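4 protein chains.
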Amino acid sequence: METITRHSISKERFLEVRHQTELICKSLQAEDVSIQPAEFVSPPKWHLAHTTWFFEQFVLTEYQSDYKVFNDDFAYYFNSYYNNVGKRVMRAERGLMTRPTLQEVLEYRAYVNAQLSEFISKGTSEDISNIIEIGLQHEQQHQELLIYDIKYIFGNQPSFPVLDYKIQLQAENEPQKFLQIKEGIYEIGHNNEGFCFDNELGRHKVYLHDFEISNQLVTNLEYIAFIDAGGYEDFNYWHAEGWDFVQNNDLKAPLYWHKVDGKWMHYTLNGFLKVDGDLPVTHVTFYEAFAFAQWKGMRLPTEFEWEVASPKFNYGQLWEWTNSAYLPYPNYTKVDGALGEYNGKFMVNQMVLRGGSVATSKNHCSPTYRNFFQPDMRWLFSGIRLAK
Amino acid sequence: METITRHSISKERFLEVRHQTELICKSLQAEDVSIQPAEFVSPPKWHLAHTTWFFEQFVLTEYQSDYKVFNDDFAYYFNSYYNNVGKRVMRAERGLMTRPTLQEVLEYRAYVNAQLSEFISKGTSEDISNIIEIGLQHEQQHQELLIYDIKYIFGNQPSFPVLDYKIQLQAENEPQKFLQIKEGIYEIGHNNEGFCFDNELGRHKVYLHDFEISNQLVTNLEYIAFIDAGGYEDFNYWHAEGWDFVQNNDLKAPLYWHKVDGKWMHYTLNGFLKVDGDLPVTHVTFYEAFAFAQWKGMRLPTEFEWEVASPKFNYGQLWEWTNSAYLPYPNYTKVDGALGEYNGKFMVNQMVLRGGSVATSKNHCSPTYRNFFQPDMRWLFSGIRLAK
Amino acid sequence: METITRHSISKERFLEVRHQTELICKSLQAEDVSIQPAEFVSPPKWHLAHTTWFFEQFVLTEYQSDYKVFNDDFAYYFNSYYNNVGKRVMRAERGLMTRPTLQEVLEYRAYVNAQLSEFISKGTSEDISNIIEIGLQHEQQHQELLIYDIKYIFGNQPSFPVLDYKIQLQAENEPQKFLQIKEGIYEIGHNNEGFCFDNELGRHKVYLHDFEISNQLVTNLEYIAFIDAGGYEDFNYWHAEGWDFVQNNDLKAPLYWHKVDGKWMHYTLNGFLKVDGDLPVTHVTFYEAFAFAQWKGMRLPTEFEWEVASPKFNYGQLWEWTNSAYLPYPNYTKVDGALGEYNGKFMVNQMVLRGGSVATSKNHCSPTYRNFFQPDMRWLFSGIRLAK
Amino acid sequence: METITRHSISKERFLEVRHQTELICKSLQAEDVSIQPAEFVSPPKWHLAHTTWFFEQFVLTEYQSDYKVFNDDFAYYFNSYYNNVGKRVMRAERGLMTRPTLQEVLEYRAYVNAQLSEFISKGTSEDISNIIEIGLQHEQQHQELLIYDIKYIFGNQPSFPVLDYKIQLQAENEPQKFLQIKEGIYEIGHNNEGFCFDNELGRHKVYLHDFEISNQLVTNLEYIAFIDAGGYEDFNYWHAEGWDFVQNNDLKAPLYWHKVDGKWMHYTLNGFLKVDGDLPVTHVTFYEAFAFAQWKGMRLPTEFEWEVASPKFNYGQLWEWTNSAYLPYPNYTKVDGALGEYNGKFMVNQMVLRGGSVATSKNHCSPTYRNFFQPDMRWLFSGIRLAK
Ligand SMILES: [Fe+3]
Ligand SMILES: [Fe+3]
Ligand SMILES: [Fe+3]
Ligand SMILES: [Fe+3]
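Same order as they appear, the protein sequences are chains A, B, C and D.
In terms of our numbering, the first sequence is residues 584 to 971.
In terms of our numbering, the second sequence is residues 584 to 971.
In terms of our numbering, the third sequence is residues 584 to 971.
In terms of our numbering, the fourth sequence is residues 584 to 971.
Careful, some of the hints might be misleading.
To be verified - Using 27 Å as the maximum straight-line C-alpha spacing, the simulated DSSO-like pairs for lysine-lysine come out as follows:
1) A/LYS971 with D/LYS765
2) A/LYS765 with D/LYS765
3) C/LYS879 with B/LYS917
4) A/LYS895 with D/LYS788
5) C/LYS788 with B/LYS971
6) C/LYS749 with C/LYS842
FYI, nobody ran anything at the bench for these hints, they're computed from the structure.
None of these values were measured; they are calculated from a predicted model.
Given the sequences, and given the hints that come with them, work out the whole structure.
Here's what the structure looks like:
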C-alpha cells in the first residue's frame, strides 16, 4: 500500500487510540450495543470488535509467530467487507448477533491490546508500522461512525438518551464573506508527508476557474429560512432524484428535527434541545445541501475548489458536502489484496465531503482527506458551505 | 367479557405466574433482550414489560385509587395492539428501544408485582378477578411467545446459544393407529367451567361425518422421508400459495434445520443437535403440514374433528395445525373496549392450531383452546397429526 | 374428474359460449388487449387465447388423431397455472406479450372452433363431453374475469373508456326484511344434477343454529352512510389485517369511486357516472364487507347459511362475500393430473363468495357454486348481504 | 436558453425529423405500442405523442394566436417530467394508457405537423427557431429512446419479433493500438457553433495528465473472454455497488444474451442471432464496463480525456461509458422555466457516455455531446473503450 508513515508506531499512541473507542462507549448499556436500527448503522459492539479484529487479522495473525487467535469464530462475525478475507456475517445481519456479549468483546479488546503492545515493543518494520498505522486510522474512522450510529440508535427511540461524551458544535462568529480565488493551475492531493489514504495519493494538477467561497458554514437560522420559504415543497431547487427522495420519505427538515408546538427542536447527543439558530446546520443529505444552495442562487464548491481555498477559512466542525462525485485521481490504482478493498470499490454513486467534523478523532483528518457518502445519507455530521 | 372465573385470584398464583416469566429469561444477557430479528418476533424485554403494563393499565390504573404509574411513558412503549388504549410504538419498531434497560424493566415488574399483590390481598370483586385472570392467561401466552422468540433470536446467529430452561420433546412410544369417529352431531366449544377465552365460547352443535385420526404426531423420520421423496420439489402436494412460499424462501426443511455433511442437524434451545428421528417433527408451516398430508394421501383434521377426538389420544407436545380457518363460532361477539381486540380482529387468513406445546405454560391450555397463526408461520412449536 | 354432464355437448352450445367471449371484446382496440395493469389482471388477449388453448390442449391434442397444433409456442404462452402441463409464461409477465397480435389470436380461436365443431359433430363419449363441458364452464369463468379485467384496464386510465357490452345493476325494490331460518341439520353441496365443479361435490350435512338473513343487498346509500359515519377511520370495525390494508392503501371508498366536488362519482363500464344510492354497493373487499357489517351491529352469513337461505331471496347481481373461508368439503379429493389443479390448491387464505353477478355468464352459476377470492380483492363484482 | 441556432428552421427539416419517428415505428403493431415492461421504458405510443406535445406546448400554444389544442387532455397524458407545466401521468403509469389509440396519436401528429409547418412558413424569430430546434433535438433523443424501448419490448417476450428498421453494428477492422495524449491544458465544451444542449456550454479549461486510449471498442470476443475467465464471479473487479447488482440480478452476460447449447446467442432488432465475436460488445452497464477494464488492468477514460482524444479515433457506433460522473461544467446555470428541467436536475448519480450510437439520429450528436445514464442501465446501446 502506498500510504506513508514517517515515524514508527509507539505503544502509547496505539493504546491511546484504542482507549478512545472505549471512552466513546463508556456510558452505553449492554442493551444499546447490539441493535442495528438501519442497514447503514452497525451495532456499537460490532465496531468494538471489528476494529480489534482488524489488528488481529492483519498484524498478529500475519506477523506474530505463535499468535493464538482469541476466538476462531470472530473472523466470521466481525469482518466487514473484505471479501478477500473470507465469508462474513452480512452487513444487514450484524444486528442479529447478541453474542458474544459486550463483556466478551471488551475482553477481546484487552487481549489484542496486550498482544499488540508487546508486539510493538519488540520493534516493527516500516511495512508493519504502516499496517498498524492503517489500523489506527481505521479505528478512528470507526470512532466517528460509532458516534453517528449511537446517535441514530438513541435518536430513534422515544426516550432520547444522553451520551456521556463531549460533542458540541460552536457558532462561527466572524462576519460572513466570500473569499475570491483566481483562475489557474493548482495542485491537488496528498504531498506524502504523514499518513494518508490511497484515495488522496497521486498529487496532480487541476485547472480551476475564478470562484468565490464562503468563509462560514450555513447556519440553522439560514436553513430555517429555506424551510419557511417552502424549500421542501418546490421541486425547482432539487435534483430529480432528490425530489423523489423528499416525496418518498416525506422530508421536511434535517434528521433528528421535530416541530413541537411550532418550534424546531432536535435530538442531540446532549439531549432533546431547542434548535440554536447560530450554530451550523447539520444532518442534511447532499440533496438538501444542493437544494439549499440553489435556493440561495449559489452552488456547492467542488472538492478541488474546497482543497485550494481551505487555507483561507476555518473548517472541521462538519463534513462539507461538495459537488464532486467520488472518483479516482489520475493514476489511482487499487492495491492488491484485502486492503485494496478500502476505497476504490466505492468510487461510484457517492459524493465527496471535505473538512472533518466534531465527531472526527483528533489528528485524523487533513485538508486532502476525501470522505464520501451516498447523497441520501444524513446520519453523518454533514454541513453546507456555499460557493459561487 | 364473557370469560369465566370460578375462583378468586390468590396472591400466590399471581406471583407464581409472574415468576415463571422471569425464570424463562434468567439465562438471557442484556444484549439478548432488546433485538427484534423479524417483525413477528418481539424483544424479550418487551414481553417482560408489556405483560406488566397489562396489569398496570387494566387493573391498577383502573381500580386502585391513588395508584402511581411507574413511568408515564411505558404505556406508549409497551402497549401491543390495543388501539383503544392509545398510541403505541409500532410493532416493527419494538426492537429499536434499547431503553429502558433490562434492569429498569425488572424493577418495573417488581413494583407492579408488589402493588398488585397488595391489591389482591385486599380482596377483589369477581369482575376484577376476571381481569386479573385474563392478565395471567395473557402472561402465559407471552411466556410461550417468549420461548419462540428467544429460540428465533438464538437460532439466527452463528453462535447458537443454549437457554437454561427445560424444553424437551418426548418420543410417543405407542404403535400408530387411526382412531375411528362416527358420524353425528357433536358439541363444540367451552363448557364454562374454568377460564376460557372469548373465541372458545358459544358452545354449539356441529355435524361431523365419519373420520379417522392418528393417535400420534408425525415424526422427524417420517418427515425426512417426505423430504427425501422430493416433497419440497413437487408442486402437486402444495397449495398454490404454499408453493410460492417454498419457491420464494427456498424452503427445503423445517425451520432451524441445517444439513451438515449429509446429516440433518437442528438448533434447539438445548444446542445444535442431530435430528432425532423418533421425536415429533416441529417448526413447520401450515403449508408444509398440508403438503406432508397430501403426500401421505391423507389430510389434516378440522378443529372440530380434533376437539371431538381429542379425549382418545395424547396431545400437548406441539400445536397441531388443523385444516380449519380461524373463524367466529356462531353467536360470537366481540366485547367492547380494549379487551375486545384480543381475538376477534384476527379472524381472517389464519389457521387454527389445537393442543398446546412443550412451550405452553402449565394449566394454560385446554381441549377447547383455539390457537391461531398465519399459515406461513413456523417459529412456533407446531406439529402435524394426520386424519383421513 | 367427478363432475357430471347429463347431456352430450352440442356444437351450437359450444359455438354460442365461444362467441360470447368475442362479443365481450368486440369494442376493444388492439391497444387495450395486451396490457396487465396489476398482477391479478390478465390481458384480454390472453383470456381469448388461453380459453382456446384449453380446448386445444385437453381435447384436440388428446383425442383428435392427426390434430395439427395451431402454433407450437402457444402452449407456453397461454397456459395459466397448470404446472402439470409444462412451463409457462409467469402470471406477472402476461402483459409483456404484445405478440401474437389480437388478429392472430382471433385466427387461433377460429381455427380451434372449426376443429372442435367438427370433432363434436362426429359424436363424443361421455368422458370427452365432460371435458368439453369443463372447457365451456372454464370459458364462462374467463368471460367474467374478462369483464373485471377490462373494467380495471379502463378504470385506471384518465380517459375512462366505455365498453360496448351490457352490464347493468338494478335496484332491489322490495322493502327490506330479515328472513328467519331455524336451527337444525341441513344438506350442503351439489346434488349431482347438471354440471358442477369438484369443490361443490360431496353433498354433506351441516348443523346450523337459528339465524336471520337480509332479503336484500346493501345499497350505495347505506354504504355512503358508513363512509360518512367515519367507518374508514375507526379501527374497531375492522380485522387487524383489514385495518392495515386500509392504512397502507389509503382506502376511503369502494374501488372506482372518486369524490368530485363533494359528490361520489364512479367509473362503470357505461362511463363515469354519479353513484346511484338505490343500487347495491359493489367493488368492496371482504375487509370492507366485514367492517360494514360490524358497524351495522350485524355480520356476514356463512356460505352454509347462505346456501340454505338462498331459495328465499333473489340473488345473482353481485357475488356476496360470506364469512366462510374457502375450505374443502368433507371427503373432497383433488382429481389427478392437470384438471386437479383447478380448485383444491387455492383452499387457503381465501374467502367464499356466493350467488353470481351481472358479469357472470348465463346459466353458469348455481346456488351451490363456490366462488372464492383473497379478502383484499375488489376488482370483482362483489357485494354485501347482512345476517344476524 | 443559451443554446444557439445559427440558421432558421426549414419546414423540410422539421418534417424530415418528424417523419423519421414514424419510420422507426412503421412495423409496430397496435399491441406493441402501449405496454411498459419496465419503469425506465416508455410505450412507443407515448414517445409519438409526447414529442408532438412538446411542439404543441412550447411553440403553438405559446406563439401561434388562435391555436386550437388538438385534445385538452393530452397535456396531462403526455407531459414527461416538466413539473413546471402541470400535473402529468406518473412515469410508471405510462403503460396503463391504452387510449388514445395509435391511430388517434398518428392523427395528433399529423395535426401538429400541419399547424407547425404553416407556422414555420410564416417565418420565425431566432428565439422561436431556437425552441423549434430544441423540439427537433428532443424528438431525435426520443427516436433513440424509442429504439431502446422497442428492443426491450421485443426482447422480453418469447417470440422475439423483428423490427423493420435498419440498425446494424459494424466490425472495426483496423489493428488495435493505444493513442498517446500529452499532459497539458485543454479546452472542453461546446464552441457555440451549431446547436448544443445547455450541459455542453461553458467552454472551459481542464488539465489532463499523460494518458493512452484505445482506437477501438471492446469486441464481443474480448468480452466473452472476460466471462469465460470468471469475470462475473470475482468481486475484485467490481465496485461494491456493482457487485451487489450482479448478485441481486444474477448477471452473467450483457442484456439480451442467452446461452443456448453452450453458445452465446442474443436478441437483436434483426432477430435472435449468434453473437458475432468481431462486433463491439453492447448492452453493458457501467459496472460491467468498469469491471471489464479492471480485469484488463486498464480503466475507462474520463469524459475530458475522451473529448480531447476523440479526433484521433472513430466513434459513433455505441455510447461509450466514461469514468466521469455527470456534473455541471464551471458556470453552468439552469435556465428558468420548464426547459431548465432538461438537464441540470439529473446531475447526480449518473455517469457520462460519449460518442453516439447506431440508434442515434443522424446529425444529432457531436463530440461535445454529454449523454448520461445511471450506472445500472443497460438497455441503451452502450459500449466500452479502454484507457490507461
Ligand atoms: Fe472497517
Ligand atoms: Fe399481549
Ligand atoms: Fe383458466
Ligand atoms: Fe421528452
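A quick look at each hint next to the structure:
A threshold of 27 Å between alpha carbons decides the hint, and for A/LYS971 with D/LYS765 the separation of about 32 Å lies outside it, so the pair is violated. Distance restraint check for A/LYS765 and D/LYS765: the Cα-Cα separation of roughly 25 Å lies within the 27 Å cut-off, and the hinted pair is therefore satisfied. Between C/LYS879 and B/LYS917 the alpha-carbon distance is near 14 Å, which keeps this suggested pair within the 27 Å criterion. For the hint linking A/LYS895 to D/LYS788, the alpha-carbon distance of about 24 Å falls within 27 Å, and the restraint holds.
Distance restraint check for C/LYS788 and B/LYS971: the Cα-Cα separation of roughly 18 Å lies within the 27 Å cut-off, and the hinted pair is therefore satisfied. Among the hinted pairs, C/LYS749 with C/LYS842 is consistent with the structure: their alpha-carbon atoms are about 25 Å apart, no more than 27 Å.
Against the hints set out earlier in the document, a violation occurs for number 1 only.
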